Structures are given as C-alpha cells and as structure tokens.
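Peer 1: Using the sequences plus the hints, can you model the full thing?
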Amino acid sequence: MDPLVRPRPGPLKRMGKAFNSRLRSPRLTSQVGLMLGVAFGVCFVTGFLSHAIQHPPSWFYWPSRPVDLYRVTQGLHVATGLASIPLLAVKLWSVYPRLFSWPALRDPVKVIERVSVLVLVAVSLLQVLTGVLNIARWYSAMGFFFTVAHYWSAWAVIGSLLVHLGVKLPVVRRALTAKVRPVPATGSLTRRGLLAAMGAASAAISVFTIGETFRPFAAISVLAPRDPRVGSQGVPVNQSAVGAGVISAATHALYRLEVIGPARTLRLTVADLNALSQSTSDLPITCVEGWSAGATWSGVRLRDLVTAVGGDEGSRVTVTSLQQGSRYASSVVDPPHARDPLTLLALRLNGETLDLDHGYPCRLIAPNRPGVLQTKWLQRVVVES
Amino acid sequence: MSEQPRSAPKPDTSLPRWMVWTRRIMVAAGSAAVANAAIGLPSNLTNTQDQRHYLQFIVKAFLLTLIVLLPAVLAAGRLLRRHVPARFRPVLQGALFVTLMLVIVALPALTGKGRAPDLPSALPRNYVHGLAIALGAVWSAALLLVAAQTARRGKEKDPSP
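Those protein sequence lines, which keep their order, are chains F and G.
For what it's worth, the working numbering labels the leading residue of the first sequence as 6, then goes sequentially.
For what it's worth, the working numbering labels the leading residue of the second sequence as 7, then goes sequentially.
These aren't lab readings, by the way, just hints derived from the structure by calculation.
Quick caveat: nothing in here was measured; it's all calculated off a predicted structure.
One should not assume that every hint holds.
To be verified - In the SDA-like style, the derived pairs of lysine to any residue whose C-alpha atoms are separated by at most 20 Å in a straight line are:
no. : chain 1 : residue 1 : chain 2 : residue 2
1   : F       : K115      : G       : T28
2   : F       : K173      : G       : M25
3   : F       : K173      : F       : A44
4   : G       : K119      : F       : A44
5   : F       : K115      : F       : A180
To be verified - One-sided excerpt, in silico: chain G residues whose CB lies under 8 Å from chain F:
no. : residue
6   : G46
7   : Y60
8   : F63
9   : T71
10  : T117
11  : D124
12  : G136
13  : L137
14  : A140
15  : V144
16  : Q155
Said to hold, decoys possible - Under 8 Å between C-beta atoms, here's a sample of chain F residues computed to sit facing chain G:
no. : residue
17  : F65
18  : V188
19  : G192
20  : T214
Glycine is no exception: its CB is placed at the ideal position from the N, C-alpha and C atoms.
Peer 2: As structure tokens, then:
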C-alpha cells in the first residue's frame, strides 16, 4: 500500500474527532477566509506603500499631497492588522481538525496546498504577533530587525494566501453559492453568533486602539500604545535627544546648518535661520508604527533655501542629522516634496521653539511622509540639480 | 466500452474556463511572491543571529498557537458546553472570545517592556486600568444581552397583556 494513502493513524483520528464542533463548515471557513484575505490584502498594499516610500524603486512616485495620505494608509495598515487578529483566530479554529486529517499528500496539488497552508499559518502568526510587539516597542521579544523581517514575510503571506485560495477556489465558490446548511441547535453559538463575536472582537480592538491616530477616539482608546495628545509640546516622540546622543552637538554655540547647493554653500546659525522668511504649516507627524498627531510647525521653507543655493523646482535634497550611527540619520527629499510650499526646516512647534526631543535646533517636516523620514537635529542639507 | 479503473483520476471538466485560468494565475503569482520572500528575506536579514531568532520565533509562535492556545480554547469550549446552561452559553462564549482577543492585543503593553525612561510618550497609559475598562465594557454588554434575552423569554412565557 502506498504510504501516502494509508488510512489515518489512530491517535490523530481520535484527536481530530475530539474537538469537532458542528459550526465548522466550508461555508464558515470560506466566509472568514475571504474577510481575512481582504484584511491581509489591505495590510500588504499599505505596507508595501510604506516600504516603497522609504526605499523607492525607480518606477515609484509618491506625491506630497494630500498631506494626510500616508497618515491614512499607515493608520489603516496598523488598524487592519490589529482587527485581523480575531479573523485569524476564527479561521484557525475553523480548520483546526483538518490538521489531523490523513493522508496529507494525496497528489501534487495537495502537496502544494499543504505546503502553502503551512507557510501561510506560520508566517501569518509571525506577522500579526511581531506587528503587535512592534507597536508596543517590545523589540527584544523578537530578537531580529522587525522592519526587514515584516516586509519580506509579508510577501510570503500574500503569496501563500494566493496559492491557497487558487487551490481552494472551487471549494470556496461551492461553499458560498450552495444552499445554507442548517446547523443543529446545540445551545452554543450559532454560525451567525460566531461571526458576530468575531466582528465584535475586531470592533473592540479597533475602538480601544484607533485613538493613537484618530484623535476623536484618543480618550477612549485605552489600549493604544500612543496618545496623540501626550508628548513634549503636545506631540509624541519616537526617538529622544538623549537616545540619539545629540544634546551636546544640538545645543553647542558653534552649531551651524550647512546648506550645500550647485551655486554656493551657506552656513547658518540658529539666529540666521530665524532671520530668514518664516512660514507656518499644519502637518501631521506620522509614525510607521501607526500613531500620528497633527501639529503647527513654523520655520524656513525648504524651497527658499534650495533657491538660495542655486537649486530649482527639480532639485533633489538630502538632509542629514547630527545623530550618528542610525539608519534614519539622513533622508532624501524628492522634488515633489522639496518644492512643496508646506515643506519646512522647522524651528518652532505649536508656537514654541522646538524641544530637543522634536529636533532642536532645526528639523525637516514635509507633507505626506513617514516620521522616520522627517529627519531631526539637522546639520546638513545637500541640494542636487 | 471498457470501464476505467476506479483509482484513475478523472479529469475535472466541471470547472468553468475562467476559474481554471484564475486558479493558474493565482497559484503562479502566489508562488512567485513566496519565491521573492524566500530570496529576499535571507539576503536582507543578513545577520545570522537575526536569522536564527527569526526561525525560533516562527516555530515558537506556530507551536504556541496550535499546540497550546487553540487546544486550550477548544477545551474551554467543552467545559462551557458541559457546565453552563444553554441560555447563557452563546453570550458567554462570545464575551470570552472578545476577552481573549483584547488580552492578546494588550499583553505587550501590559508587560511595559517597551517603556523607556527618555520616552515618556511611548506607552503613556496605565494599561492595567485600560484593559479593566475595556473588559468592563465587554462584560457589561454581555450582561445586557443576557438580561435582554431573559426578559424576552419571560414575555414569551407570559403572553398576557
């Protein structure tokens, strides 16, 4: 007898039968699977956008308007990821006994399906759990660089999801179009009740966390890792001046901002910067971890400095921080953002001189960019034609 | 006409053509995405310690969920079926599920491991209180549901005006 088509072994059969709720059905699994697929699809697209903004491929274009676009996409990324946890839980519960089904490897399609399910389950759990750990800043629980692992694992999730759905498409279609099979009353949750509980769990998670980016909910989002109202000068901070090791350099009397352009180089003191024409922009600071907070920034328009050193509307700008040894110590400002009149080298926040934690003496603030690219404690601005 | 042997696989002609092609495209695109991950992950997560921790994490998460958490949930479901009256069971099951989900989301913040003395705006809330408030809301809603069901049942039993 072919070992791959032998009957189920006894203990596995017993385990599979031990937890056999009548609620489980291809219809329930398909419904939840589709919802989870949509949620993971949203997470993948918004996550890919965030990655592409930070590491743009040659074909990628990211506009500077609308100013809140990244705030929405990244808020959606984290909120959808959190709301998908109950969906993933119900999906795993609905197929749990199938883990014990035997034979597992009847034909090549089954092999592909089984391998894709294994990858899908393992990497989905990794994505969801590391996402929760990351927004709570518990990096040590992972032990690896989250950003890289999360991005590349997302490809594995979306890929294995597509393979799984491709293999199961006839089953899903049949399950969703067939007449609904009545579930015998057992006194426990009905199918509709289970879906309602799943929806209630997703809604509860959303309500209790979304306030980190959706300010009207800030007071009731009691589990949000951030409060957009809490932080120095009323705005949260993700990297302090102490943590960045810049206090001495940022407060030194000899501090100069170097602006290097095709025509000339300027070396500006804080007083020089304050003496230049000042502008004000209402822009959000949006963290890749999903929180965001609106604020009023004042300072020098970047495009004015670009013009002053011989750049033009097509100039690309690289800003560099006083911070040493950080992968976020410099960032590139592409022409759409560099020429946007809202983009500032900010000197003030909400009417006060920038706090050290917010990037004193001078920081970049531009519309529609992740916080990690809003470089703080600027020491150099290089303008390329 | 000779009969086909019973074990020979029959060609599946029942699927519409669009579905056959949709499936092929999905499997091909999905396989390409998985291959992209299989190449991209090790070439970008280059530190061997990071790679080891990544593999350890994925195995632990997988085992913890499928060998510990899910069986525990299923066992709890069996206990409920055995010991809780049917009229309370659905609401209790739903409320317990929402509770478990909220605890999983809140757990990293509850530990406070992500707090740093120089970053008072990170994890700025009292998450024990936060979780208590969230669970209070969930169980209040559950109690209201049970009360509404009980009242409805009472009315059904006593149809007099």
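Peer 1: With a cut-off of 8 Å on the beta carbons, see whether Q155 of chain G makes it to chain F.
Peer 2: 12 Å, violated
Peer 1: If you take the shortest Cβ to Cβ gap from G192 of chain F to chain G, is it below 8 Å?
Peer 2: Since the shortest Cβ distance to chain G is 3 Å, the answer is holds.
Peer 1: Next item in the hint list is G136 of chain G. Is there a CB on chain F closer than 8 Å to its CB?
Peer 2: Since chain F brings a Cβ to about 3 Å from G136 of chain G, closer than 8 Å, the hint holds.
Peer 1: Regarding the hint that D124 of chain G lies at the interface with chain F, is the smallest CB-CB distance below 8 Å?
Peer 2: 4 Å, holds
Peer 1: Tell me if the interface restraint on G46 of chain G is satisfied: Cβ within less than 8 Å of some Cβ in chain F.
Peer 2: 5 Å, holds
Peer 1: Hinted pair, alpha-carbon criterion (20 Å max): K115 of chain F, T28 of chain G. Please report holds or violated.
Peer 2: 18 Å, holds
Peer 1: Are L137 of chain G and chain F close enough, Cβ to Cβ, to be under 8 Å, as the hint says?
Peer 2: 7 Å, holds
Peer 1: Could you check if F63 of chain G really has its C-beta closer than 8 Å to a C-beta on chain F?
Peer 2: At 6 Å from the nearest chain F Cβ, F63 of chain G passes the 8 Å test, so the hint holds.
Peer 1: Taking the least C-beta to C-beta distance, is Y60 of chain G closer than 8 Å to chain F?
Peer 2: Status holds, d = 5 Å.
Peer 1: For the restraint on F65 of chain F, tell me whether the closest CB of chain G is nearer than 8 Å.
Peer 2: Since the shortest Cβ distance to chain G is 17 Å, the answer is violated.
Peer 1: Does V144 of chain G meet its interface restraint, that is, does its C-beta lie within less than 8 Å of any C-beta in chain F?
Peer 2: It holds, given that the least Cβ distance between V144 of chain G and chain F is near 6 Å, below 8 Å.
Peer 1: Take a quick look at whether K173 of chain F and M25 of chain G sit within 20 Å of each other, Cα to Cα.
Peer 2: 11 Å, holds
Taken one by one, the earlier hints fail for this structure at numbers 4, 16, 17 and 18, listed in ascending order.
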